[in-house]
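> Here is how the chains run, residue by residue.
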Amino acid sequence: MDFSLDTTSLIIVTIITAATPLLLAALGELVNEKSGVLNLGLEGMMVVGAVMAFLTVTSTGSAALAIIVAILSGMGMALIFSVLTLSLQSNQVATGLALTIFGLGLSSLIGINLVGMAYDGLPKLNIAFLSDLPFFGNVLFSHDILVYFSIVMVFVTYWFLNKTKYGLVLRAVGESHDAAHSIGYPVIKIRYMAALYGGAMSGLAGAYLSLAYSPMWADNMTAGRGWIALALVVFAMWMPSRVLLGAYMFGGITILQLHGQGMGIDMPSEFLSMLPYLATIIVLVLISRQAQNNYAPACLGKPFHSIR
Amino acid sequence: MWLKLEARSQPSKRMTYLSPLLAVVLTLFSGMILFAMMGHSPLEGIYVFFVEPVTSLYGLGELAVKATPLVLIAIGLAIGFKANVWNIGAEGQLVMGAIVGGGLALYFHESDSAWLLPSMIVFGALGGMLWAAIPAWLKTRFNTNEILTSLMLTYVAILLLNYMVNGPYRDPTGYNFPESRLFQDAALLPTLLEGTRLNLGSVITVMILAGLWVMLARTIIGFQVHVVGQAPQAAHYAGFNHKKIIWFTFLLSGGLAGIAGLMEVAGPIGQLLPSISPGYGFTAIIVAFLGRLHPVGILLTGLLMALSYLGGETAQIEMGLPVALTGVFQGLLLFFLLASDVLIRYRVK
Numbered sequence: 001m002d003f004s005l006d007t008t009s010l011i012i013v014t015i016i017t018a019a020t021p022l023l024l025a026a027l028g029e030l031v032n033e034k035s036g037v038l039n040l041g042l043e044g045m046m047v048v049g050a051v052m053a054f055l056t057v058t059s060t061g062s063a064a065l066a067i068i069v070a071i072l073s074g075m076g077m078a079l080i081f082s083v084l085t086l087s088l089q090s091n092q093v094a095t096g097l098a099l100t101i102f103g104l105g106l107s108s109l110i111g112i113n114l115v116g117m118a119y120d121g122l123p124k125l126n127i128a129f130l131s132d133l134p135f136f137g138n139v140l141f142s143h144d145i146l147v148y149f150s151i152v153m154v155f156v157t158y159w160f161l162n163k164t165k166y167g168l169v170l171r172a173v174g175e176s177h178d179a180a181h182s183i184g185y186p187v188i189k190i191r192y193m194a195a196l197y198g199g200a201m202s203g204l205a206g207a208y209l210s211l212a213y214s215p216m217w218a219d220n221m222t223a224g225r226g227w228i229a230l231a232l233v234v235f236a237m238w239m240p241s242r243v244l245l246g247a248y249m250f251g252g253i254t255i256l257q258l259h260g261q262g263m264g265i266d267m268p269s270e271f272l273s274m275l276p277y278l279a280t281i282i283v284l285v286l287i288s289r290q291a292q293n294n295y296a297p298a299c300l301g302k303p304f305h306s307i308r
Numbered sequence: 001m002w003l004k005l006e007a008r009s010q011p012s013k014r015m016t017y018l019s020p021l022l023a024v025v026l027t028l029f030s031g032m033i034l035f036a037m038m039g040h041s042p043l044e045g046i047y048v049f050f051v052e053p054v055t056s057l058y059g060l061g062e063l064a065v066k067a068t069p070l071v072l073i074a075i076g077l078a079i080g081f082k083a084n085v086w087n088i089g090a091e092g093q094l095v096m097g098a099i100v101g102g103g104l105a106l107y108f109h110e111s112d113s114a115w116l117l118p119s120m121i122v123f124g125a126l127g128g129m130l131w132a133a134i135p136a137w138l139k140t141r142f143n144t145n146e147i148l149t150s151l152m153l154t155y156v157a158i159l160l161l162n163y164m165v166n167g168p169y170r171d172p173t174g175y176n177f178p179e180s181r182l183f184q185d186a187a188l189l190p191t192l193l194e195g196t197r198l199n200l201g202s203v204i205t206v207m208i209l210a211g212l213w214v215m216l217a218r219t220i221i222g223f224q225v226h227v228v229g230q231a232p233q234a235a236h237y238a239g240f241n242h243k244k245i246i247w248f249t250f251l252l253s254g255g256l257a258g259i260a261g262l263m264e265v266a267g268p269i270g271q272l273l274p275s276i277s278p279g280y281g282f283t284a285i286i287v288a289f290l291g292r293l294h295p296v297g298i299l300l301t302g303l304l305m306a307l308s309y310l311g312g313e314t315a316q317i318e319m320g321l322p323v324a325l326t327g328v329f330q331g332l333l334l335f336f337l338l339a340s341d342v343l344i345r346y347r348v349k
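Residue numbers (our numbering), protein chains in the order written: chain A, 1 to 308; chain B, 1 to 349.
In isolation and in its complexed conformation, chain A is listed as follows (with noise of 0.2 Å):
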């Protein structure tokens, strides 16, 4: 296999692609997480993302549409998530699991007659003369909205955690929701608006999935990327940088793998698969060792329940 440029500068585009739809979706988890919210159903929420978009895309061509249709389904699903962990204060880690298996089961029936079909995958912004530039042209400046978006919303999410009063009042509610609730904060209100935004960005990560990462539709096409942007969020710490370097990682891990299969490494391509897992497994024993539970939102998962 040669290395030039050329090679090379594809290599690094795929490793983006590869890592976007993590980011995505570990960015929305972090700020669910931020408020104090566990869901664990984002393997779930991806996954009808994904059918939903290419379900609209196939259907009525615009990329644009299916794109808020995604974000909107993935919003559906928190909404479940959230009447019942919020409202009806259930188990939140049962019920992200139960929206895991029931969103799996939903996006087969919605998908069973998209499978087969194609699509020519999200159009990739050419910016003029800089998308020419060698090199930095193909690896900087040809991709589609939704990769700058995601790097965008990389700077957007710390600003707003850390720069803005909403993002400290969703903090505030993260850290000690009675001490929220006792200064006047609607605790409920505000745990509902993070973990629907949490939705937003795993079904618009979804959508990255199944329109522009392999633009089809199959079967479980999330294959666990929605357990593995949950173990980022812990990776880093809940610091939004920490959750871009994560998901290039591990995009990165992915992406090698495939071209290891390639190259013809002389090793079974099962065993390269298994990689990204393995990856995920050894970086949450090296965070754990630095007693990730200084960096947790002290509420996380805890139901909250005010008695007026």
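Because the hints were derived from the structure by calculation, they are not lab data.
Take the hints with a grain of salt, since some may be wrong.
Now the in silico label distances, taken between C-beta atoms and shown as ranges [unchecked claim]:
#: 1; chain 1: B; residue 1: Tyr47; chain 2: A; residue 2: Ser214; range: 31 to 41 Å
#: 2; chain 1: B; residue 1: Glu6; chain 2: A; residue 2: Ser182; range: 52 to 62 Å
#: 3; chain 1: A; residue 1: Leu258; chain 2: B; residue 2: Gly320; range: 31 to 41 Å
#: 4; chain 1: B; residue 1: Pro278; chain 2: A; residue 2: Ser59; range: 27 to 37 Å
Beta carbons: idealized from backbone N, C-alpha and C, even for Gly.
Assemble chain B onto chain A, guided by the hints.
Here is chain B on its own, set in the frame of chain A:
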């Protein structure tokens, strides 16, 4: 807010039993809406999905065959959940049980020894325990989140199974299909009832279930599991070793999932295939919750969930609906149960 809840002075005993029934009724009701939306008669849909599968002796046998792995895995998980230990990777432990225990059958494929099957079950348990030991070790040694590690290991186990049936385990006399050879008679669980696929595995499961019930109710370790989950502080003062409980519940649930996996390949399947479970390890989580983490509840809900698998198959054959309908029903059922459970602790004003 649209719903005002008022805390009860103590949890309602009546609602503990009524809420699963309420959940079932609500699920059936949404099922009817779902069938109508897909252009089928709601009543016919419900009949085909939930009644028709069990109108024959063969169907009842199938019900037991499908309930067996669910009940076996769910009771193990339930004991962990009681102690707040979240083993979500039973599906992977099931697969490892099949790989390790089934491997024994393939290695001794000419044996007709009566010891073969019991040894396979032991090896199946060991395979599942081995896989469960990893998250247990990571949790006790590094405080790593067991939900995520056990889940990641599920994907690894499935890929390993794929590798095995494509490589070392592939039938040398087959046509290059990714399948192992068919197990010989000595490696198969004997069938109990002529005309059905009901096998010894169901009996073993009921025996294990009864044994664990006694363990939970009558032994020190059962008591410790309970206290660690309900009152961690008290458990700490009483000097209960929390790490020991984590190890115990993981090895127990992993071992049972491993046995379940082995009994699938040595029972209804009869060989190793790339896919040996329609998600029993995940559905068992629902069974554990719906069964109130109690042995009798788990037996009943295991049968109910088995019915949802059978119903999915019948609906596919007779109405051309996708098998995925099963997952939708299972998800709905758990949603409704979790929602109805609010009535145990609160009353609606």
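> If a hint holds in the structure, say so; if it does not, say that too.
Evaluation of the provided hints:
no. : hint                             : in the structure
1   : B:Tyr47 to A:Ser214: 31 to 41 Å  : 39 Å, holds
2   : B:Glu6 to A:Ser182: 52 to 62 Å   : 20 Å, violated
3   : A:Leu258 to B:Gly320: 31 to 41 Å : 36 Å, holds
4   : B:Pro278 to A:Ser59: 27 to 37 Å  : 30 Å, holds
The structure shown violates just one earlier hint, number 2.
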